[in-house]
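2 protein chains.
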Amino acid sequence: MSHCDINYHRAMSRWEPDSAERLRAAALEIYLEQGYEQTTVAQIADRAGVTARTFFRHFADKREVLFLGSELLEQEMTAALAAAPASARPIEAVAVALDAAAEFLGSGLAHSRRRQSVIAANAELRERELIKMARLVDSLAQVLRQRGSAEPEARLVAEVGIAVLRTGFEQWVGGPDDGDLAGVLRESLARLGALVER
Amino acid sequence: MSHCDINYHRAMSRWEPDSAERLRAAALEIYLEQGYEQTTVAQIADRAGVTARTFFRHFADKREVLFLGSELLEQEMTAALAAAPASARPIEAVAVALDAAAEFLGSGLAHSRRRQSVIAANAELRERELIKMARLVDSLAQVLRQRGSAEPEARLVAEVGIAVLRTGFEQWVGGPDDGDLAGVLRESLARLGALVER
Numbered sequence: 001m002s003h004c005d006i007n008y009h010r011a012m013s014r015w016e017p018d019s020a021e022r023l024r025a026a027a028l029e030i031y032l033e034q035g036y037e038q039t040t041v042a043q044i045a046d047r048a049g050v051t052a053r054t055f056f057r058h059f060a061d062k063r064e065v066l067f068l069g070s071e072l073l074e075q076e077m078t079a080a081l082a083a084a085p086a087s088a089r090p091i092e093a094v095a096v097a098l099d100a101a102a103e104f105l106g107s108g109l110a111h112s113r114r115r116q117s118v119i120a121a122n123a124e125l126r127e128r129e130l131i132k133m134a135r136l137v138d139s140l141a142q143v144l145r146q147r148g149s150a151e152p153e154a155r156l157v158a159e160v161g162i163a164v165l166r167t168g169f170e171q172w173v174g175g176p177d178d179g180d181l182a183g184v185l186r187e188s189l190a191r192l193g194a195l196v197e198r
Numbered sequence: 001m002s003h004c005d006i007n008y009h010r011a012m013s014r015w016e017p018d019s020a021e022r023l024r025a026a027a028l029e030i031y032l033e034q035g036y037e038q039t040t041v042a043q044i045a046d047r048a049g050v051t052a053r054t055f056f057r058h059f060a061d062k063r064e065v066l067f068l069g070s071e072l073l074e075q076e077m078t079a080a081l082a083a084a085p086a087s088a089r090p091i092e093a094v095a096v097a098l099d100a101a102a103e104f105l106g107s108g109l110a111h112s113r114r115r116q117s118v119i120a121a122n123a124e125l126r127e128r129e130l131i132k133m134a135r136l137v138d139s140l141a142q143v144l145r146q147r148g149s150a151e152p153e154a155r156l157v158a159e160v161g162i163a164v165l166r167t168g169f170e171q172w173v174g175g176p177d178d179g180d181l182a183g184v185l186r187e188s189l190a191r192l193g194a195l196v197e198r
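As given, the protein sequences belong to chains D and A, one line each in that order. 1 is the number of the first residue of the first sequence in UniProt numbering; add one for each residue after it. 1 is the number of the first residue of the second sequence in UniProt numbering; add one for each residue after it.
Misleading hints may appear alongside valid ones.
Copies of one chain are not kept apart here, so a pair can be met inside one copy or by any two copies together.
[Unchecked claim] Within a straight-line C-alpha distance of at most 25 Å, the following computed SDA-like cross-link-like pairs (lysine to any residue) qualify:
{"#": "1", "residue 1": "K132", "residue 2": "E37"}
{"#": "2", "residue 1": "K62", "residue 2": "A79"}
{"#": "3", "residue 1": "K62", "residue 2": "M133"}
{"#": "4", "residue 1": "K62", "residue 2": "D178"}
{"#": "5", "residue 1": "K62", "residue 2": "A123"}
{"#": "6", "residue 1": "K132", "residue 2": "G49"}
{"#": "7", "residue 1": "K62", "residue 2": "S149"}
{"#": "8", "residue 1": "K62", "residue 2": "I119"}
{"#": "9", "residue 1": "K62", "residue 2": "A182"}
{"#": "10", "residue 1": "K132", "residue 2": "A194"}
{"#": "11", "residue 1": "K62", "residue 2": "I131"}
{"#": "12", "residue 1": "K132", "residue 2": "Q171"}
{"#": "13", "residue 1": "K62", "residue 2": "R126"}
{"#": "14", "residue 1": "K132", "residue 2": "A84"}
{"#": "15", "residue 1": "K132", "residue 2": "Y36"}
Keep in mind the hints are simulated off the structure, nothing from the lab.
With the hints as constraints, model all of the structure from the sequences given.
Following this line, the structure appears as structure tokens:
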């Protein structure tokens, strides 16, 4: 078991028991095989070897299998942002939140790739993803205001942080199997600094 | 007639005859009075003093009244980006596109405020707006690639440009009646430069 696998399982077990993880893996498999729209909860439960009732103990519906992680990502990022040193500049605090995102997502490259393929293939899911990202911007901006940033600075820095997350995440998902998300995000933030330099 | 009014009417007349403009104004009025969902095309046409048939000559449905401008904004911004001097750095070319956005939107503050209120009040419209913004990022990134930017730089700069547009636009809509969108956007881009400075 590699270092990454250990991190992955540690991250997963923090917030879900085995059947939820089996259901998630089964759902992604079937979504990729036959399409998200065509898939039923019964099929997912079947593949995972559990009942539909067990499915609904973990997820409200088949869409939530894909988006429960987004809620948790938001919690991780806002908590990290709130806990960043008071002396950190807003963009430095956002860098801490990006590190937290990398820690949360970074050991699940195979999972992220599969999830990304499923979402890219379905307009409704792409829209849902946009909405989640917009909410993430709102939450980060709120924490930045609590940390003392005024508007429009808070929103601008939050938007930029999510722009870095989005582009870095895409780069990582499309990159080599041993890609390091934390490194990609830090590099992306540094690149941004160079790109907007006056 | 102020300088702004002249620009406004020039911008409008470039792409629509009077009845389209009357329909748009009528639609926004009714959306604000009674809500977007409750409004019918017949009511809008009635208020504008035209037939429903005339409405459908200009707009596919009542939603397009709110979003046709987004298509035109995209055309203006991508054209400006493509036409920016070849020597311009990506972020400088995006600044040119933001100037074009300000020229397109900047003389219609009252309209933008009304439109913003209608969209903020309806979840479906907020989602549609997010999708339009995501498409705008895609289009700008594509032009940046045509101008010679590689990924992930192209996407990063496009995302940042739209982040600046979004926050600047919000600031302008919520600001004083004589607010200058072009100035707000330039200031926002400069602020970003200072915020991400290493």
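Unmet hints by their number, sorted upward, for this structure = 2, 4, 6, 7, 9 and 10
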